[in-house]
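Enquirer: Starting from the given sequences, assemble the full structure and let the hints guide the process.
Protein chains: 8
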Amino acid sequence: MTWSIYLSGEIHTDWREQIAAGARAAGLEVSFAAPVTHHEASDDVGVAILGQEPNKFWHDHKGAQINAIRTRTMIENADIVVVRFGEKYKQWNAAFDAGYAAALGKPIIVMHQAEHAHALKEVDAAALAVVQTPEQVVSILAYVIEGKLAGYTDRAQAAE
Amino acid sequence: MTWSIYLSGEIHTDWREQIAAGARAAGLEVSFAAPVTHHEASDDVGVAILGQEPNKFWHDHKGAQINAIRTRTMIENADIVVVRFGEKYKQWNAAFDAGYAAALGKPIIVMHQAEHAHALKEVDAAALAVVQTPEQVVSILAYVIEGKLAGYTDRAQAAE
Amino acid sequence: MTWSIYLSGEIHTDWREQIAAGARAAGLEVSFAAPVTHHEASDDVGVAILGQEPNKFWHDHKGAQINAIRTRTMIENADIVVVRFGEKYKQWNAAFDAGYAAALGKPIIVMHQAEHAHALKEVDAAALAVVQTPEQVVSILAYVIEGKLAGYTDRAQAAE
Amino acid sequence: MTWSIYLSGEIHTDWREQIAAGARAAGLEVSFAAPVTHHEASDDVGVAILGQEPNKFWHDHKGAQINAIRTRTMIENADIVVVRFGEKYKQWNAAFDAGYAAALGKPIIVMHQAEHAHALKEVDAAALAVVQTPEQVVSILAYVIEGKLAGYTDRAQAAE
Amino acid sequence: MTWSIYLSGEIHTDWREQIAAGARAAGLEVSFAAPVTHHEASDDVGVAILGQEPNKFWHDHKGAQINAIRTRTMIENADIVVVRFGEKYKQWNAAFDAGYAAALGKPIIVMHQAEHAHALKEVDAAALAVVQTPEQVVSILAYVIEGKLAGYTDRAQAAE
Amino acid sequence: MTWSIYLSGEIHTDWREQIAAGARAAGLEVSFAAPVTHHEASDDVGVAILGQEPNKFWHDHKGAQINAIRTRTMIENADIVVVRFGEKYKQWNAAFDAGYAAALGKPIIVMHQAEHAHALKEVDAAALAVVQTPEQVVSILAYVIEGKLAGYTDRAQAAE
Amino acid sequence: MTWSIYLSGEIHTDWREQIAAGARAAGLEVSFAAPVTHHEASDDVGVAILGQEPNKFWHDHKGAQINAIRTRTMIENADIVVVRFGEKYKQWNAAFDAGYAAALGKPIIVMHQAEHAHALKEVDAAALAVVQTPEQVVSILAYVIEGKLAGYTDRAQAAE
Amino acid sequence: MTWSIYLSGEIHTDWREQIAAGARAAGLEVSFAAPVTHHEASDDVGVAILGQEPNKFWHDHKGAQINAIRTRTMIENADIVVVRFGEKYKQWNAAFDAGYAAALGKPIIVMHQAEHAHALKEVDAAALAVVQTPEQVVSILAYVIEGKLAGYTDRAQAAE
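Residue numbers (the working numbering), protein chains in the order written: chain A, 144 to 303; chain B, 144 to 303; chain C, 144 to 303; chain D, 144 to 303; chain E, 144 to 303; chain F, 144 to 303; chain G, 144 to 303; chain H, 144 to 303.
Since the hints were made in silico from the structure, they are not lab data. All residues carry an ideal CB built from backbone N, CA and C; glycine is no exception. One or more hints might be untrue.
[Stated by the list, open to error] Partial pick of chain B residues on the chain A-facing surface, computed with a CB cut under 10 Å:
hint, residue
1, Trp158
2, Phe175
3, Asp186
4, Lys233
5, Glu265
6, Lys291
Expert: The following block contains the structure:
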């Protein structure tokens, strides 16, 4: 079984690449999916393909709906959904994705810094793990998928 | 049929009371549900009932999970979910509720001021109506539930 | 048990009233639901409540989405969905409702004149009855709900 | 992940071939499915296999039900459903498919000319994109599946 | 809570009336539903309402589909489905109902004489109780709904 | 897409082999599944593996439940369910499978001789095709899966 | 809305009565459901109604399946499931109910003494609250249903 | 079709290896999944990855939730769930898994010694087979997947 992991949320740092690199290094059988992380493309896709809109609301609406084709499909296909909240911005789409995944019964891992913990308490309450770093996500994946946990290798080896 | 309306989100203004008053004035057959809007009670409910926690994370966690018993049940029982984003705060729980409702296929009405439109575009894209005022919510409910629209009354009356 | 019947489709004749009158005369325990049948209100509800749109597409979009709050909720709550195709117009919303109801597994009764039978064959193929008149709908409801069929009354009475 | 795209609706022009060719040219990992587009075969399949019917209604019924085995299975297996309304005919089956897909929560792309916009407003309201040309469908697929949008290539390349 | 019990199957003896009388005598909070038990009405309902058919197959088809509106709705609304197989006839509709109820996860009680046990083993294997008499059904309902079991009354009384 | 076809019902003739041979000859991309057709093994599997039972009822029960592991899983995984009723026996398990498949929304093809039509009318009413021969099943599969219909080849070829 | 609470698990102390009394004292709009708590009746119900079994396994099996009619129906109808683990016995049925409720997405409250915490960690991990006393359950219900929390009454009163 | 088998429960004997070896010897097309069976790793995974907790309850909670990512995903992906109860310990997680699998409609095989039969009667009542040895599980898999039953080979061979 190849596990499908959807990486939702913040798009301005390379946390997705770090997780992917870590998973590769650990030899995990995973495939990653993500929203389109090109910010301008994501904002403009609606009008670029479907035609310009004088009203910014509809400009955004057309783009957000096309993005939804991608994101909702990927969340529904995911075995695990990781949602990262960054330092800045409202990031309501990340919280929306978490709620969407929660209602579908997907296991959720939330990643954020400690200062956001209170504001994110409802999101965290729906998660099966709350982490701060990509390394922790990789460690969880290694454990969940391969049963490997650093420092606990003896019997795991014996069991194979 | 009595329609169940869940009013999610911002808890510092009286928008819920305005909607309820408007619905009452319009004679609509609706019942409203909402999260616990007493901010301190909502924050402390976990430790107040289940015992103190030295670590703020678990303090929040216990409270958020008890609140989830109420909010998820009410969202699942709702015919329509209204989500209001206020002027301040992160309000990630509101966006989470919107995502949760969307995945359940609930009709969603989002209420927010124009300046949040871009940041909320993914949430709005999942809504069947985006409004700015409680009056608009009442007007939508009157139309959806009773088929009444101000200024279009002639034939509607005849149809009854 | 009160049966909920959703009456979808054509809005320019009084077929809904005929069915309701027939059901009343037969003493059936039913409640009827329907889309808003005031044509202008239905077309304009979006802009009337949410604000004018210079582009007719968005004018229609806003209205159709508010109508969807009503129609999808009512179809999901219905025990039986009746869909009538009239003599005129495209009536794609009626066919859309039929498809929506079919995917939800709702029993469907389709009503249309013989000349539309070939064009409606896919819709009819998803129905449990295809009729031409409101009287036939009432007869089906009387049979389905009360077990009554004109001319077959002896044993039915005995069974009560 | 190979995306499954169901192409519903009008069968008298080569729009399906245009989309397939465009997707091939773009190197997209997609598979396409469609109803049987041989009009006479589609009309006659029921009686050809199951035996003649003197009554045209049952002739149509048997054929439409066999076609339903194909179309409903393919819609249920699709990641995205594209529904095209052509210039002519009632095309109620296309609207039926759109309703069916909507109730299943499938992302829907509707394709039609501007003059049908008002009559199709309920169908469009259930779509995540409304387009006029096969090229637009291909552009959406390229964006949704590969994250590619013409003119926004720099960062997308860097992200790979 | 009023429990809904669907009584499927054999229609030539008064087992339904016996169960209803027993439940009434026991003061159980139940409502019973059943297919139309007037054999001729059930056979002819399709052509009586929708028009005659020269071909017996379509005569039966139209009737069976109208009956399905009633039976499927009632099975879906039932808390418990009781299926009785009589001494005679093929009774494939009873087995069909049992399979239908099983796939919906409904608790099933099957009633039949011992000589049919081998032929009904797949149906019995999907049941939570296999009985021979209406009295046994009433006893099960009294236990399941009220917690009452003849001869075990002391503590049950004390617990109230 | 490889279509999964479950072949339920009668186990004393070679109709499954005929369908499989026909599908192979037609080059269809299908896989077939079936209950265990070794009659004695099917009857005895429970006690053979789990231990003897003096009471025939439990002998049957243990066997029927192990068979259910196979049959329910295969029906749930099937794209199409074919149910054949033979000349003899009660065959309640076939009707049970049909009801099970119907409640899951699976497309159903029923195969039986004309003399059983009236007794099977409820089962037939839930089917999308009613046939008499394995050849007809193969023809339906060829049409549904490949879009091929004997005698209607011209345009179908052109479309490829 | 009347909330339905299912009280699963230990049957040898009066914790259910304590919760019911507390809820009554608090004026909560709730209804409680529970398994049959008469131990002998629960053990013997199968053979008492369906006939004696020489083999204890089938004695238990028949009883457990009849009890399942009650318990599964009540869990599926519940808004909240409370599961209590007592001091003694294996109580595997309590853990089974918790798993059953968890898969259905029901909010779960687990009640047990501290010494069982480690052995129950998987069950607790699926709960939204872990408590030790009936009073805590009542407090949670009062908060979840009425929004009332002892010591936080000022604003809650004002909000009404 | 490769069947997915989830092996839940007791982790101190080599029953999983015995089943896997038996299945390999029988040439069955199966894949096995299991919880992490390294006891210490399973207990400590939460704090090892997410950070130490002074309170044992949260130590356990974090670990149990990470394990739940693995176990719930694997149960949901399984075609068959085998649950083994060993001689010792509370094993509430095994019963929880059984309840979880039951609510999802998964076929369940329970393995335990005779002395636990009464205490496990509710779990057994939800199973399609109750066994004592790994060999019996392999025999069931061989029958369910390949239709092979020792001693009944003649006709099965002929059927291939």
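Enquirer: Please go over all the hints and tell whether each is borne out by the structure.
Expert: Hint check:
1. Trp158: 18 Å, violated
2. Phe175: 20 Å, violated
3. Asp186: 8 Å, holds
4. Lys233: With a closest approach of 4 Å, the Lys233 of chain B hint holds.
5. Glu265: Hint holds; Glu265 of chain B Cβ to chain A Cβ min 4 Å, cut 10 Å.
6. Lys291: Hint on Lys291 of chain B: violated, closest Cβ of chain A at ~27 Å, above 10 Å.
In this structure, the earlier hints numbered 1, 2 and 6 are contradicted, and the remaining ones agree with it.
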